[in-house]
Amino acid sequence: MSASRLDFEKLTGGYGGTTIVRGLSGAAKAGEVLCVLGRNGVGKSTLMRLLFGYLPCLSGRVLLDGKPIQAFDPSARHRLGITYCPQERPVFDDLPVRDNLTLMRASRRLGPFRHYFDRFPILDRRLAQHAGTLSGGEKKILSFVRGLAEDRPVVLLDEPSEGVQWENILHMEAFIAEKKAAGTAFIVVEQNLAFAERIADRYLVMDQGRAMLEGSQSTISRDSILAHLHV
Amino acid sequence: MRAPSIVVLIVIALPLLLGEFWAYQLGLYALYAAAAVGIGLCWGQAGFLPLGQALFFGLAAYLSGFAFIGFQNHLIIAVLMLPFAALASGLLAYAIGYIVFRRTGESGAYFSMITLALSLLAFQIATSWNSVTGGFDGLKGIPGLPGLDDLSDNYYVSAAVLLVVLALAAWLYSAPIGVLWRALAQNERRLQLFGFDTNQLKSIAFGVSGLMAGMGGALYAPEQGIVTPQLAGFGLSADLVIWAAVGGRGSLLGPVIGTLLVGSLSSELRDTLPFWEVAMALFFIAIVLIFPRGIAGLAEPFLRKIEGRKRGRPFIAAPDAPTQRPPAALTLHDVSVRVGEVTILDGLSIDFDRAGIFCVIGPNGAGKTSMFNAISGELSGVSGQIGLGGSDIVGLVPNRISGLGVARKLQIPSVFPDLSIADNLAIALWSGRAAKVQLLKPRLRRWTSPMLEQLQSRYPFLASGPRKALELSHGEQQILELAMALLTEPRVLLLDEPCAGLSPEETDAVMGLVRWAAQRLGGAIIIIEHDMSLVKELAEVVYVLHNGTLLAKGGVAAIQADAKVRAVYVGGEK
Amino acid sequence: MDPLIVTQAINVVYAVSILAVLALGLAVIFGLLGVLNIAHGEFIMIGAYCAYVTESRGWPYLVAVPLTLAVCSLLGAAVEWIMIRPLYRRPFDTLVATWGLSLLLRKIAEAFFGPGFRSVTIPLPGTIKFLGTEYPIYRLMLIVVSLAVVSVLVIWYGRSRTGSRIRAMVNNPELAQAQGISVRRLAAATFVVGTCLAGFAGVMVAPLVPVQPFMGLDYVLRSFFVLIVGGLGSVSGLLSGAVVIGGFDSVISAVTDAANGYFAVLVLAILFLWLRPRGIVARA
Chain Y
1 MSASRLDFEK LTGGYGGTTI VRGLSGAAKA GEVLCVLGRN GVGKSTLMRL
51 LFGYLPCLSG RVLLDGKPIQ AFDPSARHRL GITYCPQERP VFDDLPVRDN
101 LTLMRASRRL GPFRHYFDRF PILDRRLAQH AGTLSGGEKK ILSFVRGLAE
151 DRPVVLLDEP SEGVQWENIL HMEAFIAEKK AAGTAFIVVE QNLAFAERIA
201 DRYLVMDQGR AMLEGSQSTI SRDSILAHLH V
Chain U
1 MRAPSIVVLI VIALPLLLGE FWAYQLGLYA LYAAAAVGIG LCWGQAGFLP
51 LGQALFFGLA AYLSGFAFIG FQNHLIIAVL MLPFAALASG LLAYAIGYIV
101 FRRTGESGAY FSMITLALSL LAFQIATSWN SVTGGFDGLK GIPGLPGLDD
151 LSDNYYVSAA VLLVVLALAA WLYSAPIGVL WRALAQNERR LQLFGFDTNQ
201 LKSIAFGVSG LMAGMGGALY APEQGIVTPQ LAGFGLSADL VIWAAVGGRG
251 SLLGPVIGTL LVGSLSSELR DTLPFWEVAM ALFFIAIVLI FPRGIAGLAE
301 PFLRKIEGRK RGRPFIAAPD APTQRPPAAL TLHDVSVRVG EVTILDGLSI
351 DFDRAGIFCV IGPNGAGKTS MFNAISGELS GVSGQIGLGG SDIVGLVPNR
401 ISGLGVARKL QIPSVFPDLS IADNLAIALW SGRAAKVQLL KPRLRRWTSP
451 MLEQLQSRYP FLASGPRKAL ELSHGEQQIL ELAMALLTEP RVLLLDEPCA
501 GLSPEETDAV MGLVRWAAQR LGGAIIIIEH DMSLVKELAE VVYVLHNGTL
551 LAKGGVAAIQ ADAKVRAVYV GGEK
Chain S
1 MDPLIVTQAI NVVYAVSILA VLALGLAVIF GLLGVLNIAH GEFIMIGAYC
51 AYVTESRGWP YLVAVPLTLA VCSLLGAAVE WIMIRPLYRR PFDTLVATWG
101 LSLLLRKIAE AFFGPGFRSV TIPLPGTIKF LGTEYPIYRL MLIVVSLAVV
151 SVLVIWYGRS RTGSRIRAMV NNPELAQAQG ISVRRLAAAT FVVGTCLAGF
201 AGVMVAPLVP VQPFMGLDYV LRSFFVLIVG GLGSVSGLLS GAVVIGGFDS
251 VISAVTDAAN GYFAVLVLAI LFLWLRPRGI VARA
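Protein chains in written order, with our numbering: chain Y, 1 to 231; chain U, 1 to 574; chain S, 1 to 284.
In isolation and in its complexed conformation, chain Y is listed as follows (with noise of 0.2 angstroms):
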């Protein structure tokens, strides 16, 4: 799997005549966490959205490794080397678990996510269940797992620790720093600022569909975030 980087400039747009988001630009280089923040409604996952191609750019760029890619529908972004984890409905209810994981695989073998169910074995034991039957986190863990074994260089993840266990959420944290350093980029949406803390390299601050703060963990305090998200 080589490096990739996701760059988007000025990216504005919405839905149908509604604009939610304005002028954001942001990167998430190889082997880096951008987290992105906020409370509800200020356009987190809508930015999630335009950058996997569900919704139009009014205005602005999406780059993967520079070149643009706001022509290409959900699917070829993916196959050119994104994943995206839904925030709503993140697995196929109507299917069992195993084929959650193995849909787009080449084989349906189980050995590559033996990783994931060491950490995870509520999946292992499940794997005949239909995921509608999973509860909200156990179906987040689901998408999770099925995302990052994906293998690919560019991972978009909105709001994978919801209805989440802590204990979990530190596995998935485990498991996101074990591909950082395997060069992959990230750019995770995020309300639980504990989880976003552990794992950010560099923040997005979002209201009302723009960029409120914006820099690296190490320039941008607790206290400014908390601000922000607090009502």
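Take these hints with a grain of salt, some might be off.
[What the hints assert, rightly or not] Lysine to any residue pairs mimicking SDA-like chemistry, simulated, CA-CA at most 20 angstroms apart:
1) LYS468(U) / GLY47(U)
2) LYS564(U) / ALA227(Y)
3) LYS536(U) / GLY501(U)
4) LYS564(U) / LEU226(Y)
5) LYS140(U) / VAL164(U)
6) LYS553(U) / PHE234(U)
7) LYS553(U) / LEU534(U)
8) LYS441(U) / VAL164(U)
9) LYS129(S) / PRO3(S)
10) LYS468(U) / GLY17(Y)
11) LYS107(S) / GLU268(U)
12) LYS10(Y) / SER216(Y)
13) LYS107(S) / SER267(U)
14) LYS10(Y) / SER503(U)
15) LYS10(Y) / GLY501(U)
16) LYS107(S) / GLY235(U)
17) LYS107(S) / VAL278(U)
18) LYS564(U) / ALA194(Y)
19) LYS468(U) / SER267(U)
20) LYS441(U) / GLN456(U)
21) LYS536(U) / PRO504(U)
22) LYS536(U) / ASN40(Y)
23) LYS107(S) / PHE234(U)
24) LYS468(U) / LEU226(Y)
25) LYS553(U) / THR369(U)
26) LYS107(S) / ALA286(U)
27) LYS564(U) / GLY163(Y)
28) LYS67(Y) / GLY183(Y)
29) LYS107(S) / ILE10(U)
30) LYS29(Y) / ALA177(Y)
31) LYS564(U) / GLN165(Y)
32) LYS436(U) / ILE316(U)
It should be emphasised that the hints constitute simulated quantities derived from the structure, not laboratory data.
Model the placement of chains U and S on the given structure of chain Y, informed by the hints.
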């Protein structure tokens, strides 16, 4: 007005211009045209497609045939029975519409398939019930209309019936009910939220179309002398749809043009040109996919010149809104909703005061919009009670709840895009104020109210009547929808992210409007918002929802200080 | 056992099985893609005419199968591209467009073959002693083939890769796209499978019914009723719908006549629509 007189003149002159044979042809096709106008009403106005309309044409034809045969010695009685034959078709259509629409809701496909099935069934019955209908060969020997000898006399009778049908259609299209039909076709859910029973509106449309087809069919029997099962069957049903489409289903005269031009031409050319029918089918598909306005669409600029300018008529004051009703407190008690495995609302209990501005906040998936959906009656499987002024509204259909004084502004601006701004606002005024019978009076389209005038002075674009709503900018559509909700003078106003996607100036304007409305209406305004600066500005009380239940309630400062709320918004170790 | 009763019983089994196969194409397109393809009956008609053409050319009957598959897949792909794909979010417009298509196909058939009835000789004529009664061989074979086709399709859909991907696409199209499934292509392929199944059913029934341009109307309505009564989106729905509609129809038609049978089926469908609109097996 000039247009109808021109049409009448043309109608009278045609047989003189075209000769007896064509007069006969056109007389026959005028009857079909009456049925086609009915299809234009259902499809072009109200947005659903009957695929078996010949059922009503054939039914009236058979009934009329029985009457003329039965009363052949007293034909005048048979003539008096003609309207009843047509009425029978109309009533049957209304009944079918009533049964089917109530269950299929917004799915037009089921309705279309069932009408298709009914037409085939009618054909089957007409063919096999030999003793009554004469079977496949049909009901023969029907005496003609008394006192008419010439072939062209029949033409004048047919033309007269067609003109009556057109007059009926013209009246209904310009009346409020026509506006409601067109609104229904564009955004059925929104119309329900204004308190209109859309199922009944559709049933009425279908009933009127059945009546129109019945009028044509009733005259067919004495004019042609024979009634065969084909008149109720699939072939004629299909032809009617094609003629209505090709002529232009959205316009008044389109279906007539389609039937007279295409229909009568077809009957000549189908035997001489081998691929004529195939060409017609391709033409139909092209019209439907590319040029839905049809032939009438081509003639539109020309027709507009004939119609002349519509003089601006003066406005009429609307009657008072039923906010003689006292303000009502909205309370939710232990409300739970499950969809499949997911619990959307979990024992939610909130008591809103009867007056004031309240904000509802919470993380994604907390159930805010679902709470609104439960209140407005759009969620099924709701357990618990939702009280409005003391009475429980759980289980009521959305248009009834709106009728009780609950207005809603949806998350995505939801107006009637293809209607004029004036019509959009008029619909809001009719909501809750117009009795059903009044919806037949075109003068209601000129209603205004003091509140509308005040809104129009605040936002001049609301007075640019003939402009279509889709021409407005996103921000203007938000304000239009908000204005429409306010015009119903509700007791409880639900606003779902009213400032989403608005510029700072537009946001200020909306906030001002909300404050003004709170004072003017004196009821409760409940707002779902994410933007905390707005919440701070407007909210008297803030409610925080989380996981489908109420987490905290209080003033803005209290909420900000609440540790539980912080935890939800910031996350943390669990 | 009274041979008459056995014959009637087998008739019912036959009616149910053949109805399941006839409705299968629509079950795929309407149940999975949500598209009400009114022209479904016309694809069945195409299959029947292919059988007719095969016979009139003197080819063995089985040649009708690849012929139909070729015609229906090409036509299905073209239709999906031109009129279904642009209209996925507008179900009403799709309905009108497919109605126009059904009209066009009927008129083309009429132009080529004329409006009259054609008949196709039964490839396996004669009867065979079965359960104490003489029963037509061809019908027995159709029962077997019907059950085989439905079973194979069900197993394939449940077990195969592509089947899982189709289920994924139907269940959560956004996530399917996210994982690299080209939803557009898969939906198009699914549509073509539906039209080919319809064509195949047409080849099957051709020897037993009058082949004429209007034959499709009855089939699309019956298939639609099967899906209303049984429920969309599941095999058990399709089968229960076929059992109810097919059973009801054949029993009533045997006792009274075909028109009454049709009437009864229509009333039943409206009753179900009224009382249980999601069907017997309602999908969550």
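### Enumerated hints in conflict with the structure, sorted upward
The structure breaks hints 5, 6, 19, 20, 24, 29; every other hint is satisfied.
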